[in-house]
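Number of protein chains: 2
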Amino acid sequence: MDKRSRAMFINSLSGFKSANLIATINKQQQTNVAMFSSVVHLGASPALVGFIMRPETSPNHDSKITQRHTLNNIIETESYTINQVSAHFWQQAHQTSARYNEDDSEFNHVGLTPYYLDGTPAPFVQESQLKYSLKLVDIMPIKHNNTQMVIGEITRVLCLKNAIKSDGFIDIESLNTVCVSGLDSYHETTHLSRLSYAKTDRQVTPIGINGKAK
Amino acid sequence: MDKRSRAMFINSLSGFKSANLIATINKQQQTNVAMFSSVVHLGASPALVGFIMRPETSPNHDSKITQRHTLNNIIETESYTINQVSAHFWQQAHQTSARYNEDDSEFNHVGLTPYYLDGTPAPFVQESQLKYSLKLVDIMPIKHNNTQMVIGEITRVLCLKNAIKSDGFIDIESLNTVCVSGLDSYHETTHLSRLSYAKTDRQVTPIGINGKAK
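So the protein lines, in turn, are chains G and L.
Quick note, the first sequence lines up with residues 1 to 214 if you use this note's numbering.
Quick note, the second sequence lines up with residues 1001 to 1214 if you use this note's numbering.
FYI, nobody ran anything at the bench for these hints, they're computed from the structure.
Each hint can be trusted.
In silico DSSO-like pairs for lysine-lysine, Cα to Cα no more than 30 Å straight-line:
1. G/Lys135 <-> G/Lys161
2. G/Lys161 <-> L/Lys1003
3. G/Lys143 <-> L/Lys1143
4. G/Lys214 <-> L/Lys1003
5. L/Lys1212 <-> G/Lys3
6. L/Lys1214 <-> L/Lys1161
7. G/Lys135 <-> L/Lys1143
8. G/Lys143 <-> G/Lys3
9. L/Lys1214 <-> G/Lys3
10. G/Lys3 <-> L/Lys1199
11. L/Lys1027 <-> G/Lys199
12. L/Lys1003 <-> G/Lys135
Sequences are here, hints too, so could you generate the full structure?
Here it is as structure tokens:
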């Protein structure tokens, strides 16, 4: 396989991936927003989220320049936001991976709106229905391929109240959050069900969206 | 928020997650299979995939025992398989997170079938339509919450040929691969589109499933 097909193939293997925009700002107030499909839950207490940063020198990764601006800004301000991509702006989100110059904000180019809250330097993406700010905790080098895992602690969550169920579950499908497969394929979802807590002495059963028995 | 609601809430923030079964074996030929929603693509060359292992001592994580069997087996044999969960067996996949004893294989309890290939000690999950074997590369401790990222290199991929497109993209939706939100919610997908490579001088446009212009 050639390099590009191999990247496409291997990127499909992990399954469906989250679609998130990571937004940042540098000390000159220049904003940046970039698409990431590698955001991963690390733990609830403390509330930690990670994402994978590609190597600076990778030859076949298209969005590396945009992504490095993201990392540079995070290092400068220790602040960033993660914004779930929904069916209302998935094409604009993908457009952020074009190689815009550092002094050219993707917000302007793709038609998304920065939204600021006191105490959080980085902008949120106003169009996103579920978004949160993070404070940088660590950047862990992954020596085997020169990627890095950027770890942040969640400081503030903005989400439509209706989507949050009484047991804490957020119905992200009701927010039209999309997911990604491979490098460029986007998908909406259709709920199968939530399932009961698994026990050894019985089979799991479907439960309601609110976490209660059906 | 109480601990369980907080876990449910924070687990919903990263977006849709991959649904994968990780299957292992120990030196006594005891097999294990466990559900993970944290598998993440790390890079294509070498082909590296990571997943997050919860801490041994976490009080409110239900599947920790099963998951620790997974880690112990990987350390013993350096071999494991990742198997995409599809709509044909998502409830059985969720059932693997019950706290079965170490000498009790989840394969028997949930009705999934181990499948062996010469040269790969760990079993595959026969029911999975896209599965691959890995060799352990590294276990990186994440000191901030005592989780670990387990990194493996892909050694062999088993996938229905029809799902692999000419540019390397795998149509995992055609394999009925499901995704997860929160701790217990499962979803099928509906394709929006693949999108063209993003360029600064034009808007991205939908392309065909084979990667060619529509």
